[in-house]
Amino acid sequence: MLYYYAHTGHKIGLDRMKRGAALLKELQTQGVEARLLVNDFRAGLAAKEFGIRDSVTIETIQDIDLVAQIGDSLIIDSPENDRGRLQKYCIEYKAVFRFEQNSEDRPRYTETVLKLFCEDESCIPAVIIDDIYFEPCLKKERTLFFLGDADYDKIILSHKHFFEANRMELLLGHYFFVKYEDDLAKIFSKLHEAEEYTDLIRTSSRVVTASFQTALEAKASGAEVIYLKLDEKDKNISDYLTLNNISVIDNLDTKLYEKFERADSKTHHLTKNASIIVRNIINKITF
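Residue 15 is where the sequence shown starts when you use my numbering, and the numbers rise one by one after that.
Derived from the structure by calculation, the hints contain no laboratory data. Among the hints, a few may not be true.
[Said to hold, decoys possible] Pairs of lysine-lysine residues, derived as DSS-like cross-links and limited to a Cα-Cα distance of at most 30 Å, are as follows:
hint	residue 1	residue 2
1	LYS286	LYS249
2	LYS39	LYS154
3	LYS243	LYS269
4	LYS193	LYS243
Quick caveat: nothing in here was measured; it's all calculated off a predicted structure.
Please work from the sequences and hints to get the whole structure.
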């Protein structure tokens, strides 16, 4: 069995679950028995919308061994402090993979690190996009805003003047509270339910988002994309987005937004790579 642990929650959203779902579906297609591990029940429910019928809820990265058995394989997509558990996992499991947390991240034990920028064929890419986003579809002329699946600090509401000045439709996140949605309805021209995510990302002509995963999916779908860098993320992320002609602005500033609104190019270097990544993983599990 291969387990994919995606760190999720009402403060951090579902980006890791979404790329995990894309990879898990391909693993299963290629005959690998795999299961998703998440941190809360709601993430497991949301995973069903992305094609994952079964998942297991655990509390933290330190609880993976409550589910996985000696000899299993493991993929870790989490920034959590493992408090020594990673070494234990590398000893007990057949193969361990984890996503890099920054450009300086290197293997600590015997694990394989998935990297944003791969410099040779032996590297496994950390960018995983569901094949559905590469399929052609008709676009609707609209600007869709998706902050992410969580807005614990009410970032949108605190920048309501930005959204009032720039007409957009809002795609709600899975962790948005009902009362908060009522407040947001006064700001945006239209609200869309979280369950409409895949269809809206594929069919919107322009997408504005603070989600790295969403920015990639929208770009693969052929949308004009503006990424909002709301905190000090690894510079690698901004560099990767820029390489793929995704405009990056540092905050919710109307002047900056207007400058980049029409600067996006539809060209990019994103490809259907889930099957290739899975073959690399299978090779490491098998040998």
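Which earlier hints turn out false for this structure, listed by number in ascending order?
none
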